[in-house]
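Protein chains: 2
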Amino acid sequence: MQINRLTQQIQFIIEIDKLKLILRQTLLTDGSRQENSAEHSWHLALMAIVLAEYAPSGVDQLRALKMLLIHDLVEIDAGDTFCYDVQANENKAAKEELAALRLFGLLPVDQADEMRSLWQEFEARKTPTAKFAAALDRIQPLLHNQQTQGGTWRIHGITGDKVMKRIAPVETGAPELWFFIQQLIEDCVAAGYLQETAAK
Amino acid sequence: MQINRLTQQIQFIIEIDKLKLILRQTLLTDGSRQENSAEHSWHLALMAIVLAEYAPSGVDQLRALKMLLIHDLVEIDAGDTFCYDVQANENKAAKEELAALRLFGLLPVDQADEMRSLWQEFEARKTPTAKFAAALDRIQPLLHNQQTQGGTWRIHGITGDKVMKRIAPVETGAPELWFFIQQLIEDCVAAGYLQETAAK
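Chains H and D are the protein sequences, given in the same order. Here full-length UniProt numbering is used: position 50 in the first sequence is 50, and no number is missing along the way. Here full-length UniProt numbering is used: position 4 in the second sequence is 4, and no number is missing along the way.
Since the hints were derived computationally from the structure, they do not count as laboratory data. Hints may contain errors.
Remember, identical chains collapse to one label, so a pair may be satisfied in a single copy or spanning two.
[Stated by the list, open to error] Calculated cross-link-like contacts (lysine to any residue; reagent style SDA-like; alpha-carbon spacing at most 25 Å):
#, residue 1, residue 2
1, Lys126, Leu62
2, Lys126, Cys83
3, Lys18, Leu184
4, Lys92, Tyr193
Sequences and hints are given; from them, build the entire structure.
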C-alpha cells in the first residue's frame, strides 16, 4: 500500500463532506427545511436499489449507484443551480467542469479519471445507465413537491408545463415508470399543488 | 408492472426521507452542525467506492454499497444511539429489530426480506462484506473528530482507550487501513484532540 495514495484518498473523503452544506431548492417531505445535496444523493442511490426492477436493459446497477453518489459533487465549488432558473443555468456547465477538475483531481490520477468519466457520462445522458440515473434525479423532487403540497413549485410559481418538460427524461430513462409519473403530476394538478399552465 | 407493488416502493422511498431528520453526535468537518444519518450513509457509500482497493478478498462491492445505504434506516423509528452511551445501548437491538420489521415491511415481501437480511448481515459483522462496511462506519466519525479538533470526543469527554475499543473492527474488517488508522489516533492524541486514557 502506498501511504501517499491513501493520503490523497482520505483528503478527498474529507473534502466531500462539504456537499452536506450545499442546499437545494427542494424541501424535505415534512417541509421543515431545504434538502442538501449529500442526503439527496443518498436518497437517489436508495431509489436505484428499490426501483432496480424498472431499469431498462443495459443499465449497470453498480455504475448507476456510483454515478448517483458522485453526480452532485461538483456543487461543492459550483453551487446548486435551481433547474428552473434560466439565467443561472447559462454558465453552469463551465463552472461544473472546473469543479470536476479540482475535486476529482484530489484523488490519485486513475481514480480521478474514473470519477470524471462517470460524472461526464451522467451529464451527457446518452447511455442507458446515465438515462436511468437522470430519471431518478427527476422523480425524487417530484415526490417531495407532492408531499409538501406543491413545495418549491408554489414558492417559485412553477407551472405544470415546465414540470412536464423537466420530467421528460423519465420517458426514455425509465419508461416503465412513465405512466405512474404522469399520473402523479395529474394528481398534483387536480389537488391544486401545481398550476396547469402559466397564468396569462 | 403491478401498480400496487410500485405504490409500496414509492411509499417506502417517501418514508425513508425521515432519516434526514435523525441527528448523530458527529459534527460536520467544519463544526457547524451535527451530521444526520442520511448524509452519513452517503459519505460511507462514497468511502466504499474510493477505498475499494483496500477491501479484503470476499468483499462484494455492490452488496457493501447497499448495506451502507440502508444500515441506519432503523434509526427512523429507533433514533440514533450514541456509541459511547452504555445505558442507551442496552435495548438498542430490540428497538432496531422492531424498526426493521416496520420499515422494510413497507416494501413488497421479496424486497422486505432482502433488505432485512442485508441489515441483519451488517449488524452481525460476520461476512467480509459486513466487516468491511462496519470498518468504514468506524473510520468516518474518526476523520470528523480529527477535523474538528476533537469534536464529539471533547464534548463528551471520550478518551483514547474507548476510541481504540470502538475502532477495533477496522483491524479485521479493513486490515490494510489499520496502520493508517492507528497513526491517525496517535496524531490526535499528540495534537491534544484526544485524551490518552480516562482521568483518574
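Hint check:
no.	hint	result
1	Lys126 <-> Leu62	both (17 Å within a copy, 23 Å between copies)
2	Lys126 <-> Cys83	within (20 Å within a copy, 45 Å between copies)
3	Lys18 <-> Leu184	between (33 Å within a copy, 21 Å between copies)
4	Lys92 <-> Tyr193	neither (29 Å within a copy, 40 Å between copies)
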